[in-house]
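Novice: Protein chains in written order, with the numbering used here: chain B, 143 to 481; chain Z, 143 to 481; chain P, 143 to 481; chain V, 143 to 481.
You may find that some hints are simply not true.
As the list claims (entries may be wrong) - Pairs of lysine to aspartate or glutamate residues, derived as EDC-like cross-links and limited to a Cα-Cα distance of at most 20 angstroms, are as follows: (1) Lys190(V) x Glu203(V); (2) Lys190(P) x Asp444(Z); (3) Lys428(Z) x Asp444(P); (4) Lys428(V) x Glu247(V); (5) Lys145(P) x Glu189(Z).
If you're looking for bench data, these hints aren't it; they were derived computationally from the structure.
There are 4 protein chains.
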Amino acid sequence: MDKIRVCLVGAGRAGEVHGDVYFLSVPDAAITAVFDTDIAKAKNLAEKYQISEKSIFEKFEDVLSYATFDAIVITTPTFTHCQYTKIAARQKIHVFCEKPMAITEKECNEMIDICRKENVILQIGFMRRFDAGFSQAKQMIESGEIGEPLIVKSVGRGPGLPGRWAFDIKNSNGNLAEVNSHDFDSVRWLSSSEYKKIYAVAKNSKSSEIGMEYPLFYDNATVSATMKNEVFGLIDSVCPCDYGYDARCEVVGTMGVLFIGSIRECTTVTCTRKKQIVMPQVLSWKKRFHDAYIAEDRHFIDCIINGKEPGVTGDDGKKTVAAVVAANESILKGIPIEL
Amino acid sequence: MDKIRVCLVGAGRAGEVHGDVYFLSVPDAAITAVFDTDIAKAKNLAEKYQISEKSIFEKFEDVLSYATFDAIVITTPTFTHCQYTKIAARQKIHVFCEKPMAITEKECNEMIDICRKENVILQIGFMRRFDAGFSQAKQMIESGEIGEPLIVKSVGRGPGLPGRWAFDIKNSNGNLAEVNSHDFDSVRWLSSSEYKKIYAVAKNSKSSEIGMEYPLFYDNATVSATMKNEVFGLIDSVCPCDYGYDARCEVVGTMGVLFIGSIRECTTVTCTRKKQIVMPQVLSWKKRFHDAYIAEDRHFIDCIINGKEPGVTGDDGKKTVAAVVAANESILKGIPIEL
Amino acid sequence: MDKIRVCLVGAGRAGEVHGDVYFLSVPDAAITAVFDTDIAKAKNLAEKYQISEKSIFEKFEDVLSYATFDAIVITTPTFTHCQYTKIAARQKIHVFCEKPMAITEKECNEMIDICRKENVILQIGFMRRFDAGFSQAKQMIESGEIGEPLIVKSVGRGPGLPGRWAFDIKNSNGNLAEVNSHDFDSVRWLSSSEYKKIYAVAKNSKSSEIGMEYPLFYDNATVSATMKNEVFGLIDSVCPCDYGYDARCEVVGTMGVLFIGSIRECTTVTCTRKKQIVMPQVLSWKKRFHDAYIAEDRHFIDCIINGKEPGVTGDDGKKTVAAVVAANESILKGIPIEL
Amino acid sequence: MDKIRVCLVGAGRAGEVHGDVYFLSVPDAAITAVFDTDIAKAKNLAEKYQISEKSIFEKFEDVLSYATFDAIVITTPTFTHCQYTKIAARQKIHVFCEKPMAITEKECNEMIDICRKENVILQIGFMRRFDAGFSQAKQMIESGEIGEPLIVKSVGRGPGLPGRWAFDIKNSNGNLAEVNSHDFDSVRWLSSSEYKKIYAVAKNSKSSEIGMEYPLFYDNATVSATMKNEVFGLIDSVCPCDYGYDARCEVVGTMGVLFIGSIRECTTVTCTRKKQIVMPQVLSWKKRFHDAYIAEDRHFIDCIINGKEPGVTGDDGKKTVAAVVAANESILKGIPIEL
């Protein structure tokens with residue numbers, strides 16, 4: 143069988159995470175081209191993945207003109223997702239698009255429509271759904287282990303701010319989009335319902351210099367959601383988070399509770415003269431979700447080869463975008479927003 | 143030194159918790175009288191604590207007429223707290239009053255005023271503050287261990303509903319008062335600030351028969367608060383909670399995070415042919431906060447003996463009542479409420 | 143009911159632990175006398191427990207001549223236990239004796255015989271048996287939760303060396319007696335069997351200056367035991383242990399495993415810029431077994447009042463002494479010793 | 143670069159573990175042949191890894207006659223390891239050999255000698271050394287985090303017995319070899335020393351029918367070792383272990399303690415009406431050490447490509463064989479054995 147040829151669209155941190163996975167752990171696929179407007183980054187990954195000079199691109203229009211491949215993995219800034227997806231889909235290229243799917247629901251709809259029309263796969267990068275713990279939890283909830291869900295809580299705290307372009311909330315949807323799209327998806331996925339009403343508060347506590355230029359910028363926030371099935375959601379967001387990377391969920395049901403995730407990186411424990419029990423902490427999403435990224439990317443390739451519907455669809459991406467937009471509106475207006 | 147003579151005002155579950163503590167673990171005090179409108183309960187505790195027949199009362203007015211003592215421990219329904227406190231204080235009796243302090247801020251003010259005027263101790267039953275873990279955490283926060291607090295989360299889930307009188311939210315403030323006063327106090331205490339704005343949602347998911355009679359009754363809720371110093375609070379409430387008793391806090395600061403409490407009852411762990419790791423779970427507040435109740439009651443007696451200001455004051459009780467009232471208003475109106 | 147009058151025989155660290163328990167948490171008993179050859183220590187505790195000058199003693203013979211009481215709590219050095227027990231028992235005084243019970247089996251037999259003859263209670267201080275976790279584990283094992291025990295492991299590591307008199311192994315049985323009597327008792331108790339064969343190794347790794355004077359002194363050791371029912375025991379001993387106090391057991395059975403105890407002091411967890419998960423560690427046996435000491439001392443008083451056989455008997459003490467003696471013999475000879 | 147061609151020698155459980163790793167996660171290698179005396183097993187894996195019919199073998203001599211490859215991965219029964227290694231090495235084939243390396247030290251020496259002479263890589267399958275937790279712990283110890291090691295404890299309990307051929311201790315070295323080679327290696331590796339003296343006890347508690355035919359068979363054992371640098375080792379062995387797979391180490395040093403490994407499979411936690419805290423348990427070495435196997439196999443291929451000395455050598459394998467042989471001798475003779 144020929145390998146699925148993949149073009150990395152974006153050669154930043156997330157591009158490299160997917161690149162490493164494709165290079166080492168997806169035998170049915172091969173990286174055959176790299177694109178980034180920052181050509182140095184593109185070259186860097188190209189060298190790492192043994193891709194020839196002529197398959198490195200800094201203009202997106204060139205990618206599809208001069209390279210041949212079957213799928214793209216989009217990790218560029220959010221505002222580019224819709225455009226790149228549309229161009230690629232029209233050429234029958236399958237699309238894996240990192241979260242957030244896009245800036246607006248309208249963009250999401252356009253992406254969904256074109257991919258459906260062109261009959262290409264569109265998968266959104268909610269890798270938590272491929273994590274062993276998260277997927278086990280989802281199954282437990284569906285099997286009734288904790289009864290009917292009442293409250294879903296999701297923690298999303300990350301060490302590093304997204305790029306400067308994301309500081310302007312109006313054009314990027316801010317941290318709730320860039321950092322907490324996963325949490326909005328988790329609440330929706332684990333509650334098996336859609337957002338009905340969202341109340342959010344936010345403030346800028348650690349980033350006063352960013353606040354000078356972008357007065358609406360916030361670095362911590364909480365979100366209180368009511369889902370259509372009356373499940374309550376609670377999300378908290380902190381980024382930059384000085385102590386590490388923290389992604390955990392807690393689901394309270396009518397008959398029990400379920401905790402997903404941990405801040406422990408590995409099981410080593412030490413005690414020393416400092417008279418403390420010390421354990422290594424999760425510092426990066428790359429390590430925390432390493433296996434999930436492998437499962438996610440293998441799933442995408444499997445969907446392409448076998449013509450399957452992906453486990454995470456454009457609709458999933460769109461619903462999260464809509465919820466994030468509502469949360470930002472709530473922050474600005476100080477009242478709950480109906481969806 | 144003569145022992146401080148204590149009258150138990152209320153001989154239900156909470157009365158017995160304090161009674162046991164005074165009987166076994168507060169050498170400077172002695173229980174000398176018991177009151178309960180349910181005389182059978184009063185007799186039961188009287189026998190347990192070796193109190194003579196003539197010191198058992200079913201009318202509160204009789205207690206002060208026929209018995210002599212130095213202090214009362216009030217564990218009767220919330221709507222009685224103000225009246226009993228006022229009667230006792232006028233006779234120079236010191237008052238330990240369980241949470242919630244009262245139904246309204248006005249009542250709280252009356253209790254505070256009379257106790258101040260009569261120069262008697264008024265301590266409110268937020269025993270979490272006397273728990274080793276909670277007080278250690280408070281110290282850590284104050285020492286700057288996690289920087290400035292950004293978000294304080296508090297979980298308050300209990301196995302058993304309060305008495306029937308508390309199902310009528312209008313007259314009792316409902317579960318947010320009876321079960322979650324502790325959480326409202328924790329958010330305030332750990333954030334070192336006062337409530338500014340509260341948004342809450344609630345529903346009745348498990349108690350449809352109660353809902354018939356009391357349409358406003360809720361058994362699960364979430365609260366999103368903004369404190370005056372801009373710290374965010376998140377509280378969730380579930381009662382009855384089928385899996386046990388769950389009281390935990392999490393404080394995210396500018397430089398770290400801190401977790402308080404656990405659902406583990408003791409450190410025993412078993413693994414069997416069921417292929418699961420199993421640990422005993424906290425089932426009751428009585429056991430979870432056993433040592434805290436001892437510390438709390440010893441503190442009250444110490445304040446009486448040495449004329450100290452209690453660590454938990456009428457003002458602490460009042461602020462929590464006001465926050466609970468605002469949360470219930472938010473539930474009814476669907477909007478955030480300013481305090 | 144009159145209170146049981148207790149004389150503290152020994153006013154050192156262990157004497158104070160029991161003294162505090164009796165003073166604060168055993169309402170049916172009262173401390174009425176204190177003895178210690180170091181009179182300053184005796185006076186210190188006497189003041190703490192509000193005992194009058196005339197009830198402080200520095201000669202053991204004076205204690206029984208000039209004071210009246212019902213029971214003694216022996217916490218003096220091990221080599222005194224037999225003598226004090228015999229003198230007290232002959233005067234119908236009940237005896238609580240800290241571990242190790244004595245230096246030799248012969249002494250243990252004398253203590254058992256005299257107490258039986260004089261019909262007084264003799265309880266040995268294996269407080270682990272009164273710990274909630276240990277006793278829960280014992281019940282689980284007996285209920286067949288993990289099948290038949292195969293291997294019992296016990297960790298006994300303590301921060302502080304016993305007194306100088308205990309450095310001479312020949313006259314004290316050394317750390318295996320002073321620190322690890324609890325472990326020898328746990329293996330025996332949890333396996334429900336008696337020692338058959340013991341192999342032990344030991345060395346002095348941290349205390350070279352003690353080794354100058356006492357060449358047989360060891361500060362770390364391991365013990366491999368075979369019980370009469372073929373259960374295997376594994377004990378490890380480290381003292382002084384720089385990181386804290388560590389008392390844990392692990393029981394592997396035919397159908398499962400069970401872990402008892404933990405190095406966590408309380409449930410607080412913090413993560414900071416140090417990028418580590420940090421928890422407070424157990425530093426002292428006093429805090430780790432605080433509740434167990436209360437239960438142990440209440441049990442002793444209950445046995446006196448109600449004429450019950452104590453849960454931990456002279457025979458339990460004796461069997462542990464015999465096992466420790468065999469382990470020390472194995473260390474010296476380099477071969478396993480049959481009991 | 144051409145891929146390193148690998149022949150799987152053995153198509154049982156361990157063969158499949160390595161096969162899956164090579165197939166999915168080692169891009170620089172390709173499985174090109176499979177051998178097993180049980181041809182059905184060989185065919186099964188061949189189909190899974192898309193290997194053609196003509197590259198499936200049931201006679202070892204045929205493998206080297208009819209197939210061309212660069213390396214073999216030996217997972218056949220222990221008594222075949224020496225022979226296969228020698229045949230392969232003479233044809234300049236690199237050898238990865240699962241533990242135990244062989245039955246006797248003499249065999250180990252022959253394997254080491256031939257591989258050295260033929261200048262081929264010989265790597266032994268102690269995958270724990272490639273586990274993130276174990277290797278982190280090793281580094282911590284070397285950095286002095288817990289001072290000098292005093293005691294190294296290793297738990298090795300597995301759910302499934304090795305093949306029937308391993309029940310005859312004399313010809314297989316039994317469970318201490320098949321199950322606990324890892325523990326013997328861990329004690330040696332973590333103590334940075336060689337075995338000096340070993341005392342072991344063993345019994346057959348659950349497998350009476352095996353005991354009929356093989357009276358020396360044991361299914362649980364403990365090992366007490368003294369290393370040349372006076373570190374003490376404690377190993378316990380249980381197999382079959384009904385509750386799951388359990389591989390943990392604990393290292394006590396002069397200044398602290400370090401725990402490696404856990405029985406938790408993932409971080410999900412549930413509490414239900416059963417009133418217990420429940421976590422998924424590690425059930426299989428395949429899952430527990432999944433990432434370690436990937437790192438181990440990538441390391442082997444890296445050593446071949448870049449001519450490096452493997453991190454786990456024939457000498458490591460030999461030292462463990464010698465220690466296991468001594469432990470079995472100790473079990474039989476009832477005394478400690480000097481190495």
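Novice: Within a Cα-Cα threshold of 20 angstroms, do Lys190(V) and Glu203(V) meet the stated pairing?
Specialist: violated, 24 angstroms
Novice: Assess, step by step, whether the Cα of Lys428(V) is no farther than 20 angstroms from the Cα of Glu247(V), and give holds or violated.
Specialist: This hinted pair is violated, its Cα atoms lying about 28 angstroms apart.
Novice: So if I understand the rule, the pair passes when the alpha-carbon distance is 20 angstroms or less; does Lys190(P) with Asp444(Z) pass?
Specialist: Given that 20 angstroms is the threshold and the Cα spacing comes to 16 angstroms, the pair holds.
Novice: Keeping to a limit of 20 angstroms between CA atoms, is the pair of Lys145(P) and Glu189(Z) held or broken?
Specialist: Satisfied, since the Cα-Cα distance of roughly 19 angstroms is no more than 20 angstroms.
Novice: Below or equal to 20 angstroms on CA atoms is what counts here, so check Lys428(Z) against Asp444(P).
Specialist: violated, 24 angstroms
Violation of the numbered hints given earlier is confined to hints 1, 3, 4; the remaining hints are satisfied by the structure.
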